[in-house]
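The residues making up each chain are set out below.
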Amino acid sequence: MAASTGQGRGFTTFLVGFTVACAGIAEISAGFGKLLLAVGLVIVAASLFGFLKLKPLEGKTAEAPSSAAMKLLGAFLAAIGWVITLFGMHVVDGTSGRLVLALIGIAVSLFGMIYVLPSAFNKNAIWKA
Amino acid sequence: MNLIRRYCSFLCTLTLGLALSVAVHAQAAAPAAAPAAAPSPTVDAELQGAAAKVPSNDDQAKGDPGGSVTGGVKDVPVADSKTGLTVTDVAAQTGQDKVAINFTWTLICGFLVMFMQAGFALVESGLCRVKNANHTYMMNFFVYGCGLLAYWLIGFAIQMGGAAGNANLGGLYPLNGEHTTTIFGKTWGLWGTQGMFLAGHTYDVGVMVIFLFEMVFMDTALTIVTGACAERWKFLTFSVTSVLMGAFTYPLFGNWAWGGGFLAQLGTNLGLGKGYADFAGSGVVHSVGGLTALAVCLIIGPRIGKYNRDGSSNAIIGHDVSAVLIGCFILAFGWFGFNPGSTLGASANGNLRIGSIAVNTMLAGCTGTFGAILYMWSLKGKPDMSMSANGLLAGLVAITAPSGFVNPIGSAIIGLIAGVLVCVSCAFIENVLKIDDPVGAISVHGTNGLWGVLSVGLFADGTSNYGGSWNGVTGSVTGLFYGDASQLVAQLVGISTLLGFVFTFSFVLNWALEIFIGHRVSAETEVAGLDIPEMGQLGYPEFVFRQETESFTEVPAAAVA
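Quick note, the sequences are listed as chains A and B, same order.
The numbering used here puts the first residue of the first sequence at 1, with every later residue one more than the last.
The numbering used here puts the first residue of the second sequence at 1, with every later residue one more than the last.
A couple of the hints might just be wrong.
If you want the ones that stay clear, here's a sample from chain B, every Cβ over 12 Å from chain A, calculated [claimed, not checked]:
| hint | residue |
| --- | --- |
| 1 | Glu46 |
| 2 | Gly72 |
| 3 | Ser496 |
| 4 | Ile532 |
No more than 35 Å apart at the CA atoms, straight line, and that leaves these computed lysine-lysine pairs for DSBU-like [as the list claims (entries may be wrong)]:
| hint | chain 1 | residue 1 | chain 2 | residue 2 |
| --- | --- | --- | --- | --- |
| 5 | A | Lys60 | A | Lys34 |
| 6 | A | Lys128 | A | Lys60 |
| 7 | A | Lys123 | B | Lys82 |
| 8 | A | Lys128 | B | Lys382 |
| 9 | A | Lys55 | A | Lys128 |
| 10 | A | Lys123 | A | Lys34 |
| 11 | A | Lys128 | B | Lys74 |
| 12 | B | Lys82 | B | Lys53 |
| 13 | A | Lys71 | A | Lys55 |
| 14 | B | Lys62 | B | Lys74 |
| 15 | B | Lys74 | B | Lys53 |
| 16 | A | Lys34 | B | Lys53 |
Hints are computed from structural coordinates only; laboratory data are not their basis.
The structure displayed is predicted, hence computed values, not measured ones.
Ideal Cβ placement from N, Cα and C applies to all residues, glycine included.
The whole structure should be built from the sequences, with the hints applied where relevant.
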C-alpha cells in the first residue's frame, strides 16, 4: 500500500493526541491538566489502533517471524548488565572493584545485544530461505 | 597615582569576581556570579571625567576609518542621568557583555550544528541507491520537524528542566525543577520538569538560547537512525519513532549527563572522578543515535539482496560519491559548532579554551580519515571512498566527548584509533552480526561514540578549567593516563547506561511500534524503490536508471503476498 491518506490522517491524530497529552503533563497540578492528559492518551491510543488496522494493507514484507522469548531474553540481558553496573558502584567502595563490576555489567549487556538478539533475529532470516 | 592604583585594584576585583562566578556549560552546572563589591565614589568621579572627554559628534561625523573613535565610554548605558556614569553602570554593562558574547557564541554555534542536517542528508542519500534518494532525503528533512516539535513539547523539559545555575548564559534560573529519587542514602536526578512548551516563567532569554543549542544536538542524534534504516523504512513509522525519540529517549540520557541527572552526580555522590564527563556528546548524541539505530536495524532486518543464502554479504553501492564527500565536509564544518560551542560561551569561566577544542576537532577528523584510508588501502588494496568518509566522521564522533579535556596529541591518537575502529566495526556488524547498515551509522556513531566516552577516562589531561570545577566537583577532568582511574569508572558507568538503558529502551519502544505499525515497507515497494510508493516522486525524475541485478530485484518467496 505504501504511504496513504489513512497513514497521513493517523499520524495527524497521533500528533494531536501527543500534543494534548503533553499539555496535560505541563498543567498536571490542575484538574484540567489531568483531563487533558487522559484525553491526549486516548487520542494517541486511538491513532495506534488505527495504525494497527492499516498494517495488513501494507502487503508482505521481507521479514520472517522470530522467537519473542529470545528477543525478550536479549533485551533483559542488556538491561540487567546496566543494573549490575549501577548496584556495583554502591556495594563496592574501591576503584578497582568498581572498575571490574562496571566491565562485568558492560559484558553482560553486550552479550544480550550482539549475541542473543542477532541470533534471535537471524535464526529464520528471510535471506536463508 | 593613588587613584589609578585603587581603580586598577577595583577592576581586578571585579574581573576576578566575574571569572570565579563560574562556568557552566549546560553540561556542568556551577553557581552564578556573586554581586560585585560596592563602588567607590572616587572611581565614579573618574569615570564621569572620562565620559566628559569622549569624542564629539562633530569628530565622529568625519568618519572613523581606523575604528579608534567608535565605541567608548559614552556607549555605556547610564542608569541615572543625574548622577552620570558610575562604576555600577560599568559593572552591569561588563556582566551583560559577558552574557551577550556567550549568547552570540552559543547561537552561532547552534546555527552551525543545525546546518549539519544538510550534511547528513547528503551523506546518507549519496550512500543509498538512486531509487530511494527522495525517500532518504525526505527522512533527513522531516526528522528535523519531528524532533523539534517533540523536544519543544516535552523533550527539552525532561533534559534541561533542572539545569539551572549556568553562569555562562545568565543563570538559567527558570530551569529549576529536577525530579529526584533517593537510593542508598544518596539523591539522584532522574528528569527535569521545567520548560514544557517554553511557556510561563521559562519564556526567558537564556532559556531560549539553551533550547536552540540543545535542540539541534538532539536532532543530530535522530538523523543517525535514518541512515542505518534507509531503503526499507516505512515513512510513517520513521515519523512516529522520531517523535518518540525526540521526546523521551534522547532527553532522558541527556538529562542524566548534562541536565544534572545521576550520571553527572557520580562525582559528588560516589567520588567517581568529576562524574560522567561528555563534553559535546559522543555519548549523549552519537551513541544514543547509534544504539537506537542498532535497535531499529535488528527489528527491521537487512535489505533484499544484501545477504546470500550462505550468509555472505553483497556490497550495495551508493549512487552519488560527490554528495557523500561534500556532505562529509559540511558535517566537519558543522562540528566546529558542535564541539567548541559546547562551552556555551566564549567569555569567562575557562572558555578561552575554544581554540584548543576546535584544533582537537580538526586533528581527530584528520587522523580518523588517515586511519580509515590507510587501513583499507593496506588491507583491501583501495582507499575505499565510503570508509574514508566514515573515517573522517568517526574521528569527529570520537573526539566529541573528550574535545574539551584532552591535548592535541591525545586527540590525534583518539581520531586515529576511531578511523581504524570504524572499518573493523563495519565489517563485524555486516559479516558477523548480519545487520545491514547502509551508511555505517551504527559503527560511526554507536561504536565510536562509545570509544569517545571511554577515551575521556583515558586521555583527559587535567588542564581544562571551566570555572574551577566540573559537575560540581572541584578540579579538572583527569583520565587514567594522567592519574585518575576513578574518572574511567565514571565513563564506564556512562557506557553501561548507554548499552543497558538507551539500547533496551529503544529496542522495546520500537518493538512495540513494529507490532502496531510495522517498520518495514512491503517487499514489492522495497524492490521498486521507495521514492514512488512512499513519496510519490522520484529523486531524479529525468534520469535513466541502470537495471539492477536479479538478487536485488527478486522478491523473496516468503514475502510474496
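Okay, the hints, checked on the actual structure:
1. For Glu46 of chain B, the requirement that its beta carbon stay farther than 12 Å from each beta carbon of chain A is met, with the minimum near 52 Å.
2. In this structure Gly72 of chain B is separated from chain A by more than 12 Å, as the shortest Cβ-Cβ distance comes to about 47 Å.
3. With 12 Å as the threshold on Cβ separation, the claim that Ser496 of chain B sits away from chain A is violated: the shortest Cβ distance comes to roughly 4 Å.
4. Remark: the non-interface label on Ile532 of chain B conflicts with the geometry, its nearest Cβ contact in chain A lying 8 Å away (cut-off 12 Å).
5. Taken as a hint, the Lys60 of chain A and Lys34 of chain A pair is broken in the structure, with Cα atoms around 41 Å apart against an allowance of 35 Å.
6. This hinted pair checks out: Lys128 of chain A and Lys60 of chain A have alpha carbons roughly 17 Å apart, not beyond 35 Å.
7. Distance check on the hinted pair: Lys123 of chain A and Lys82 of chain B sit about 84 Å apart at the alpha-carbon level, beyond 35 Å; violated.
8. Straight-line distance between C-alpha atoms of Lys128 of chain A and Lys382 of chain B comes to about 31 Å, which keeps the hinted pair within the 35 Å bound.
9. The hinted pair formed by Lys55 of chain A and Lys128 of chain A meets the criterion: a straight-line CA distance of about 25 Å does not exceed 35 Å.
10. Between Lys123 of chain A and Lys34 of chain A, the direct Cα distance comes to roughly 46 Å. Violation of the 35 Å bound is thereby established for this hinted pair.
11. Note on Lys128 of chain A and Lys74 of chain B: the hinted pairing is violated, with a Cα-Cα distance of about 79 Å set against a maximum of 35 Å.
12. Under the criterion of a C-alpha separation no larger than 35 Å, the hint pairing Lys82 of chain B with Lys53 of chain B is consistent with the structure, at around 18 Å.
13. For the hint linking Lys71 of chain A to Lys55 of chain A, the alpha-carbon distance of about 22 Å falls within 35 Å, and the restraint holds.
14. Proximity of Lys62 of chain B to Lys74 of chain B is assessed by CA-CA distance (about 18 Å); at most 35 Å being required, the pair is judged to hold.
15. Restraint check for Lys74 of chain B and Lys53 of chain B: the C-alpha separation of about 9 Å stays at or below 35 Å, so the hint holds.
16. Simply put, Lys34 of chain A and Lys53 of chain B have alpha-carbon atoms about 64 Å apart, too far for the 35 Å limit, and the pair is violated.
In this structure, the hints that do not hold are numbers 3, 4, 5, 7, 10, 11 and 16, in rising order.
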